[in-house]
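Chemist: Protein chains in written order, with this note's numbering: chain A, 0 to 92; chain B, 0 to 92.
Take the hints with a grain of salt, since some may be wrong.
The list treats identical chains as one, so a pair stands whether inside a single copy or across any two.
Here are the simulated EDC-like cross-link-like pairs (lysine to aspartate or glutamate), alpha carbons at most 20 Å apart as the crow flies [unchecked claim]:
{"hint": "1", "residue 1": "7", "residue 2": "64"}
{"hint": "2", "residue 1": "32", "residue 2": "56"}
{"hint": "3", "residue 1": "32", "residue 2": "14"}
{"hint": "4", "residue 1": "38", "residue 2": "73"}
{"hint": "5", "residue 1": "38", "residue 2": "26"}
{"hint": "6", "residue 1": "74", "residue 2": "17"}
{"hint": "7", "residue 1": "38", "residue 2": "70"}
{"hint": "8", "residue 1": "81", "residue 2": "64"}
{"hint": "9", "residue 1": "38", "residue 2": "5"}
{"hint": "10", "residue 1": "7", "residue 2": "42"}
{"hint": "11", "residue 1": "32", "residue 2": "5"}
{"hint": "12", "residue 1": "32", "residue 2": "17"}
{"hint": "13", "residue 1": "11", "residue 2": "68"}
{"hint": "14", "residue 1": "81", "residue 2": "70"}
{"hint": "15", "residue 1": "32", "residue 2": "51"}
{"hint": "16", "residue 1": "81", "residue 2": "66"}
{"hint": "17", "residue 1": "7", "residue 2": "68"}
{"hint": "18", "residue 1": "32", "residue 2": "4"}
None of these hints come from the bench; they were simulated from the model.
2 protein chains.
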Amino acid sequence: MTPLDELKQYRKSIDNLDDALIRIVAERFRITKAVGVLKANNDLPPADPARESQQVERLRALALDADLDPDFAEKLLNFIIKEVIRHHEQARS
Amino acid sequence: MTPLDELKQYRKSIDNLDDALIRIVAERFRITKAVGVLKANNDLPPADPARESQQVERLRALALDADLDPDFAEKLLNFIIKEVIRHHEQARS
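Just need the whole structure built from these sequences, with the hints factored in.
Modeler: Here it is as structure tokens:
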């Protein structure tokens, strides 16, 4: 296999993983939107610091197991949660 | 099902999706690291603007199909690519 063929194979894998990533993130937002509605309809508090710190700890441990930088995993989670908060704010207004 | 039970069920789904997300991102970094080595060993240019814009277009289209904000999908891809570049810079130094 030439280096360019090898590169092409790697890129197919990256594209497949990106597809999976988008689908998973889309499904995650579907659920967090449902959570937002559930909380609003039942006067549950929008934020839950205990749950959030437990999520961070779970993901950091899993990242270590997967040879992923735990700081990056935490930053990624925060990046996604920021978008969840934006959805909830949009839904409220 | 009480609202709190319903919330618990949603949170289990979110945890499962986050686990999948971490595993997929970890696998993506394994491949981009291999790509970095391949490019360095074969004097291939580290950046490929044509490939990158094609990736962005693919993901934006897929996001639309998955009811995900395409701007968010693009920001997410850029967030991950920034980490890939950081890895490549670490590998070089």
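Chemist: Next, verify each hint and record whether it holds.
Modeler: The hints, checked one at a time:
In this assembly of identical chains, the alpha carbons of residue 7 and residue 64 never lie at most 20 Å apart, being 28 Å within a copy and 25 Å across copies at closest. For the identical chains of this complex, residue 32 and residue 56 are neighbours neither inside a copy (23 Å) nor across copies (26 Å), given an alpha-carbon limit of 20 Å. Within a single copy, residue 32 and residue 14 get their C-alpha atoms only as close as 27 Å, which misses the 20 Å cut-off; across copies the closest is 15 Å, which meets it. For the identical chains of this complex, residue 38 and residue 73 are neighbours neither inside a copy (24 Å) nor across copies (29 Å), given an alpha-carbon limit of 20 Å.
Within a single copy, residue 38 and residue 26 get their C-alpha atoms as close as 18 Å, which meets the 20 Å cut-off; across copies the closest is 35 Å, which misses it. For the homomeric pair residue 74 and residue 17, the shortest alpha-carbon distances inside one copy (18 Å) and between copies (13 Å) are both at most 20 Å. Taking identical chains as interchangeable, the C-alpha atoms of residue 38 and residue 70 are never at most 20 Å apart, the minima being 30 Å within one chain and 27 Å between chains. In this homomeric assembly, residue 81 and residue 64 never come within 20 Å of each other (Cα to Cα): the closest approach is 25 Å inside a single copy and 22 Å across copies.
For a Cα distance limit of 20 Å, the shortest separation of residue 38 from residue 5 across copies, 10 Å, qualifies, whereas the shortest one inside one copy, 49 Å, does not. For the identical chains of this complex, residue 7 and residue 42 are inter-copy neighbours only, at 16 Å across copies versus 52 Å inside a copy, given an alpha-carbon limit of 20 Å. Taking the shortest alpha-carbon separations for residue 32 and residue 5, only the inter-copy value of 13 Å comes in at or below 20 Å, while the best intra-copy value is 41 Å. In this homomeric assembly, residue 32 and residue 17 come within 20 Å of each other (Cα to Cα) only across copies, at 16 Å, whereas the closest approach inside a single copy is 22 Å.
Taking identical chains as interchangeable, the C-alpha atoms of residue 11 and residue 68 are never at most 20 Å apart, the minima being 24 Å within one chain and 24 Å between chains. Proximity of residue 81 to residue 70 under the C-alpha cut-off of 20 Å is found in both arrangements, the shortest distances being 16 Å within a copy and 14 Å between copies. Taking CA atoms no more than 20 Å apart as the test, residue 32 paired with residue 51 passes inside one copy only; the shortest distance there is 16 Å, against 31 Å between copies. For the homomeric pair residue 81 and residue 66, the shortest alpha-carbon distance between copies (18 Å) is at most 20 Å, but the shortest distance inside one copy (25 Å) is not.
Neither within a single protomer nor between protomers do residue 7 and residue 68 lie at most 20 Å apart by alpha-carbon distance, with minima of 26 Å and 28 Å respectively. Taking CA atoms no more than 20 Å apart as the test, residue 32 paired with residue 4 passes between copies only; the shortest distance there is 17 Å, against 42 Å inside one copy.
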